[in-house]
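Chemist: Residue strings, one per chain:
Protein chains: 2
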Amino acid sequence: MKTITGGVCAPKGFMAGGIRCGIKQGLQKNDLALIYSKEFCSAAAVFTENKVKAASVLVSQENIANGKLRAVIANSGNANACTGKHGMDAARRMAHLIADELSIAPSEAVVASTGVIGVPLPIEAIEKNISALKASLRSDEAGHTAALEAIMTTDTRKKDIAVEVEIDGKIVRIGAMAKGSGMIHPNMATMLCFITTDAAITPSALDCALRYAVNHSFNRLTVDGDTSTNDMAVIMANGEAENNPVIGYQGSGIKNRGYEIFCRALEHVCVELTRMMARDGEGATKLITVTVSGAQSEEKAVLLAKSAASSSLVKTACFGADANWGRVLCAMGYSGADFDPSKVSVGFRSSAGEIQVCSEGQTVNFSEERAKEILSREEIEILIGLSEGNYKVSVWSCDLSYDYIKINGDYRS
Amino acid sequence: MKTITGGVCAPKGFMAGGIRCGIKQGLQKNDLALIYSKEFCSAAAVFTENKVKAASVLVSQENIANGKLRAVIANSGNANACTGKHGMDAARRMAHLIADELSIAPSEAVVASTGVIGVPLPIEAIEKNISALKASLRSDEAGHTAALEAIMTTDTRKKDIAVEVEIDGKIVRIGAMAKGSGMIHPNMATMLCFITTDAAITPSALDCALRYAVNHSFNRLTVDGDTSTNDMAVIMANGEAENNPVIGYQGSGIKNRGYEIFCRALEHVCVELTRMMARDGEGATKLITVTVSGAQSEEKAVLLAKSAASSSLVKTACFGADANWGRVLCAMGYSGADFDPSKVSVGFRSSAGEIQVCSEGQTVNFSEERAKEILSREEIEILIGLSEGNYKVSVWSCDLSYDYIKINGDYRS
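Residue numbers (our numbering), protein chains in the order written: chain A, -12 to 400; chain B, -12 to 400.
Keep in mind that the hints were calculated from the coordinates and are not lab data. Since this is a predicted model, take the numbers as computed values, not measurements. Treat the hints loosely; a few may be bogus.
Unchecked claim - Mimicking BS3-like on lysine-lysine, the simulated pairs with C-alpha atoms at most 30 angstroms apart in a straight line are: (1) Lys359(A) with Lys393(B); (2) Lys(-11)(A) with Lys(-1)(A); (3) Lys16(B) with Lys115(B); (4) Lys359(A) with Lys115(B).
Stated by the list, open to error - Covered, in the sense of this in silico footprint (three residues per stretch, anywhere, with C-beta under 8 angstroms from a C-beta of chain B), are these stretches of chain A: (5) 27 to 41; (6) 68 to 75; (7) 102 to 108; (8) 310 to 316; (9) 324 to 335; (10) 343 to 355.
Virtual Cβ for every residue (Gly too), placed ideally from N, Cα, C.
Okay, chain A solo, but in the shape it has when bound (with noise of 0.2 angstroms):
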């Protein structure tokens, strides 16, 4: 696996673009992306799980169910989110003006938007620029970076990689980009992550790669504990690397070696990028990793990990460089998975070295100097060891900082 440029215009065939349209208020940012592929894609996606779902999630999980995409065309600066009516004709209505210029099928295009909820929709701002919109088109790595930029709301970084893999003597292309900081938790919140891929892949490998992926990735992601009301990823596949069609179900035995090629691949892009979201998370200082081994199975793994890695305590003792392990016990506590916590050990670990600082569930002798010089590093593990099996998870989390509360207490204004 080669790690490219590109972001989501590296696979072949594929091109995007971005403008601004207004929809952000008093800032010169782009708001408004598209990618598009020439030829047609099949797809695949997976929505937010919240009851309160944005209108342009409802018209997204329509347009998607025949499995066939060619564009997304998604806005940053209102969520479209708690708009009824309104809501969902205004996001009915992108769909139909993009098509309408790309010369495509309504129904070929998914909608995302990302923003403020509650506030209705100025689809005249982007009905008045869609044909710049079509116009900002490119298949370079400039269109890619025009798109992920009008996505971007709170975000502090562009979260974006490409990769390439061989399937069967071809070359396959991999590219992403992603948004999202606060509001990320399992399972997927207010994230948007838009792939593109010139595998030749069947839409039923396809679907379940991705699951597979996000399952692995942005489900074990979590920034603030909410979930938000417009999260959504989607992969398109065009085929254009024309390799011989990657075949497979997960779990199952039937499927061939470019399925696990390719799947490999695309976990990886999706963990990346998880990466980056838990270090972009809003107001953080550091990213956290929390890795739990030596359990009973993977289900309790990711429990007891989620429930240390989302709790506030844990949070904030790691942006103070506080090695306070009675907290990741505590909240491990309070998972509702079952373990014997005199079985416990903890450690942290970073660049700085590893340090233990609980064996059977109770303190051992550690210099503070020594675990506050780990803890102080941008990329900190929290290591726990349950000694009841053999399966190990890692799930991304961020700091809890006073930027946290700068960011938040003010969205809106």
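Given the structure of chain A, go ahead and fit chain B onto it with the hints provided.
Modeler: This is chain B only, laid out in the frame that chain A set:
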């Protein structure tokens, strides 16, 4: 029902005291508390549901098994949790030390601890000062206050209340103290609550009344989502009011009029303490009450209200006095409760007035300035209407401020 002074010493026959024994380092504050009844008491208690339980919780569960108590000994500055066999020995020793001093059985003493997790409890400090602790006992409000001060950690306000009611022509008193600010979450977290009453009441009625009161108060409180290893609420009843014994089981027809009066009074005591704890949440600037009405069931109403009350985004919006009702709907959406978003109404209320901001799941025209004025008060209420049924429930929370990070980023130093 009349509010009276005296705290846990208000009911006849109870004494309390508190001293400094040196467990809290570097602070000239009380850290060892005692509550004592000269007569035998019926007793009931509710403990943390955290899988990781402090030694004090495990020992107290043993001691209260027979429903009899005469004393509570509590320390702050050390949680005696995750401390293994040494911790269990220390908790048992605390019970023995105070039992010897008071000439009661060790099983008649409840042991409580609060403070940092994972550090061995310096039991020698308690041993050395156990006579002084007994000597500090007083039957007036000063004794109550000395004990209350000794259980406070990051609390910035004292939490206590006493009431009197009339049962069968006799005056019956209930007095209570509580500590807790951070880590308070359903169910029952880093919260200590000690309640005394001179009511004559059967052990089973006392147990039912306590569980009912706790479910309608402390278990509807959320500060930071963490639940602790050390929580307990304990009530002792010595019968000195000489009322006809209170008899009753919650939810059954078998109860006398005294039960209803006692139950309502105990619920009031616990709700008032809950509101004090919410207002004193770590770094909190506001008390938030979330009231869900029009629900199909009490369970659903609680689930929805707690989800909104726990959301970091809702809490920071309240801190910023930002009428961001979309975050309220979003939090309801991921609560797991089934409801129709298109029927939801949201409003805000405080001493400055009331304003509706969402109707039928959509925004209504409202004045942002007026909403900000209402949300700027120290006590605010989020009103959620479901239009599905007749159940109405309130839960309590507080906002999330810069000071939460400050307090918890370096709690141990």
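Chemist: Give a verdict on every hint.
Modeler: Verification of the supplied hints:
no. : hint                        : result
1   : Lys359(A) with Lys393(B)    : 17 angstroms, holds
2   : Lys(-11)(A) with Lys(-1)(A) : 16 angstroms, holds
3   : Lys16(B) with Lys115(B)     : 17 angstroms, holds
4   : Lys359(A) with Lys115(B)    : 34 angstroms, violated
5   : 27 to 41                    : holds (count 5)
6   : 68 to 75                    : holds (count 4)
7   : 102 to 108                  : holds (count 5)
8   : 310 to 316                  : holds (count 5)
9   : 324 to 335                  : holds (count 5)
10  : 343 to 355                  : holds (count 5)
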